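Just so you know, the protein sequences line up as chains A and B, in that order. The first sequence begins at 1 in the working numbering and counts up by one. The second sequence begins at 138 in the working numbering and counts up by one.
Honestly, the hints are just simulated from the structure, not real lab data. This one's a predicted model, so the numbers in the text were calculated from it and none came from an experiment. Any given hint could turn out to be false.
As the list claims (entries may be wrong) - Partial chain A-side listing against chain B, Cβ under 8 Å, derived:
hint: 1; residue: Val40
hint: 2; residue: Phe61
hint: 3; residue: Leu82
hint: 4; residue: His105
hint: 5; residue: Val108
hint: 6; residue: Leu109
hint: 7; residue: Ala116
All C-beta atoms, glycine included, are put in the ideal place defined by N, C-alpha and C.
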Amino acid sequence: MAYSEKLLEHYENPRNVGSLDKNAQDVGTGLVGAPACGDVMKLQIRVNEQGVIEDAKFKTFGCGSAIASSSLATEWIKGKTLDEAEQIKNTQIAQQLALPPVKIHCSVLAEDAIKAAVADYRAKHARKDETAPQAAQ
Amino acid sequence: MMDAAHEPAARGAHAMPTACWSCRGAVAAGAPFCATCKAVQPPGGADHFARLGLARGFDLDTAELDRRYFALQRQLHPDRFVSKSGRERAIAQSQAASLNDAYETLSDPLSRAVYLLKLDGIAVEREDGATISDPELLMEAMEMRESLAEAMDAAAVDAVAARMERERRTTVERIAAAFRGGDADAAHKATLRLKYLVRLDDDIRARRAAMRARTAKGGP
Numbered sequence: 001m002a003y004s005e006k007l008l009e010h011y012e013n014p015r016n017v018g019s020l021d022k023n024a025q026d027v028g029t030g031l032v033g034a035p036a037c038g039d040v041m042k043l044q045i046r047v048n049e050q051g052v053i054e055d056a057k058f059k060t061f062g063c064g065s066a067i068a069s070s071s072l073a074t075e076w077i078k079g080k081t082l083d084e085a086e087q088i089k090n091t092q093i094a095q096q097l098a099l100p101p102v103k104i105h106c107s108v109l110a111e112d113a114i115k116a117a118v119a120d121y122r123a124k125h126a127r128k129d130e131t132a133p134q135a136a137q
Numbered sequence: 138m139m140d141a142a143h144e145p146a147a148r149g150a151h152a153m154p155t156a157c158w159s160c161r162g163a164v165a166a167g168a169p170f171c172a173t174c175k176a177v178q179p180p181g182g183a184d185h186f187a188r189l190g191l192a193r194g195f196d197l198d199t200a201e202l203d204r205r206y207f208a209l210q211r212q213l214h215p216d217r218f219v220s221k222s223g224r225e226r227a228i229a230q231s232q233a234a235s236l237n238d239a240y241e242t243l244s245d246p247l248s249r250a251v252y253l254l255k256l257d258g259i260a261v262e263r264e265d266g267a268t269i270s271d272p273e274l275l276m277e278a279m280e281m282r283e284s285l286a287e288a289m290d291a292a293a294v295d296a297v298a299a300r301m302e303r304e305r306r307t308t309v310e311r312i313a314a315a316f317r318g319g320d321a322d323a324a325h326k327a328t329l330r331l332k333y334l335v336r337l338d339d340d341i342r343a344r345r346a347a348m349r350a351r352t353a354k355g356g357p
């Protein structure tokens, strides 16, 4: 199977590999899996007070397409607001990397990992707001 | 040797009988041969258990599975059909292919569990790429894959492999218990876990092969 140059480039030099402190208040963690191939992807975001993603890291155990998809995803979400990051569609990732049809599910994994990380961050802050004394709306 | 022409039909007769293409006699669903005229039958839509004349369930006597499979495979051997018509040869071939498929699916615990869940209407390996987010399962999978990635020598890889083997055994037991108790959700959950453990096993194999290749080259 012929893979695109972009894909190989992200696979050979993945950006933003690593971890952030999942217990930190400003970090959201998304952990998703693709049962069909046994892949697992962790994507983390650090969000500043303006709701902008300042840093993103990932760790993926899976095929080259899954690694490239998560690498590209972390690159794209940096500097975006949470709302903007949530708008990223797997089809955009698949298109950018020219994923072959059998590997489209890898881009779905990346999209869902972003959504899960954003949801985790929001859940953390909803909890914090609830417990804060003057947070009643 | 068992009488494969009758046995499987008798034990796996869930579905309606069909008519033999050769003599028009009744053939039980899944039976590879007509009981009346002994003509080979097309595979049809029988499930894998019926095809091999086994009761549907996760608990399976693998010796019995082997016995039935090899007996049927002998009866379907192309040598037995050289003097038959082209049609009959083709039917025997497709019956043998279905039998291989059934045997392969049922002989491996993971594919057997996935297949049983599919019969229950639960898709473990979703075609649409749907993801899962069970944190307990995924954190464990991530942690075990990390420990393999960090294993620097053969002994460290062996330690990961030993843990994987233990987890795999208990997970297969858990799947068996879930199916026995008719708990499809628990069976599904444990099957996903087995899937990740098998994937880890693949990685362990690849890792060992890479280590051997390095040693063969005279590397450190």
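Which numbered hints does this structure break? Structure breaks hint 3 only.
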